[in-house]
Amino acid sequence: NAGVTQTPKFQVLKTGQSMTLQCAQDMNHNSMYWYRQDPGMGLRLIYYSASEGTTDKGEVPNGYNVSRLNKREFSLRLESAAPSQTSVYFCASRSRGYNSPLHFGNGTRLTVT
Amino acid sequence: GNSVTQMEGPVTLSEEAFLTINCTYTATGYPSLFWYVQYPGEGLQLLLKATKADDKGSNKGFEATYRKETTSFHLEKGSVQVSDSAVYFCALSEGRDDKIIFGKGTRLHILP
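Protein chains in written order, with this note's numbering: chain A, 1 to 113; chain B, 114 to 225.
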């Protein structure tokens with residue numbers, strides 16, 4: 001059982017370049033999330049999707065876009081990368097209901113030079 | 114808005130010591146509360162949860178009790194092991210929207 005799969009695991013970009021982080025889950029979960037993790041800042045929510053076809057902004061959405069392609073896949077796009085976007089990015093999913101826990105991928109470590 | 118505050122780290126303990134990591138929350142409704150653990154190089158994984166007042170979550174020797182009167186959900190373990198070295202995150206989820214809010218994390222080092 002793969003759970004939540006993120007690609008790539010590592011990426012280095014130059015300022016101004018674009019890229020898409022991919023995330024897929026095989027647990028038939030309704031909700032999917034993108035977080036970034038920075039030292040001393042914990043996890044901050046970038047965007048989330050409560051169901052297929054809907055997306056909402058989280059705490060730090062500026063500089064990012066998302067697409068909920070179908071129930072399984074939720075991608076995060078950086079249109080013009082900036083050094084401030086150097087971080088570890090985590091995708092997560094959960095089934096419907098606020099009692100349900102999150103299931104996380106193993107993260108993408110992004111460096112923007 | 115909702116928020117989670119947990120004690121600053123790092124916390125360094127000797128093996129077999131008693132552990133407490135404090136977590137308090139602010140919420141307008143009745144949230145569910147979670148503790149997640151992150152081992153080096155990995156994503157977060159659920160450690161335990163509690164969904165209503167006075168519930169106790171437990172797993173792998175860790176416990177936390179949902180205290181509504183003090184808005185707290187402190188993590189405890191009676192005898193820590195070197196393998197417990199990790200970063201621990203307290204989180205809350207409320208029914209009004211689908212967001213999950215995390216604390217900043219507490220890094221735990223256990224010395225042999």
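These are calculated hints, taken from the structure and not from any lab test. Just so it is clear, CB atoms sit at the ideal spot from N, CA and C, and this is done for glycine as well. There's no promise every hint is true.
[As the list claims (entries may be wrong)] Heads up, simulated BS3-like pairs for lysine-lysine below, C-alpha to C-alpha not over 27 Å straight-line:
#	chain 1	residue 1	chain 2	residue 2
1	B	Lys-212	B	Lys-181
2	B	Lys-173	A	Lys-71
3	A	Lys-71	A	Lys-57
4	A	Lys-57	B	Lys-169
5	B	Lys-165	B	Lys-217
6	A	Lys-57	B	Lys-217
7	A	Lys-9	B	Lys-181
[As the list claims (entries may be wrong)] To spell it out: a stretch of chain B is covered by chain A in this simulated footprint if at least three of its residues, at any positions, have a beta carbon under 8 Å from a beta carbon of chain A; those stretches are:
#	region
8	125-136
9	153-162
Each hint tested on the structure:
| no. | hint | result |
| --- | --- | --- |
| 1 | B:Lys-212 / B:Lys-181 | holds, 20 Å |
| 2 | B:Lys-173 / A:Lys-71 | violated, 33 Å |
| 3 | A:Lys-71 / A:Lys-57 | holds, 18 Å |
| 4 | A:Lys-57 / B:Lys-169 | violated, 32 Å |
| 5 | B:Lys-165 / B:Lys-217 | holds, 23 Å |
| 6 | A:Lys-57 / B:Lys-217 | holds, 20 Å |
| 7 | A:Lys-9 / B:Lys-181 | violated, 40 Å |
| 8 | 125-136 | violated (count 0) |
| 9 | 153-162 | holds (count 7) |
When held up to the earlier numbered hints, the structure conflicts with 2, 4, 7 and 8 and fits the remainder.
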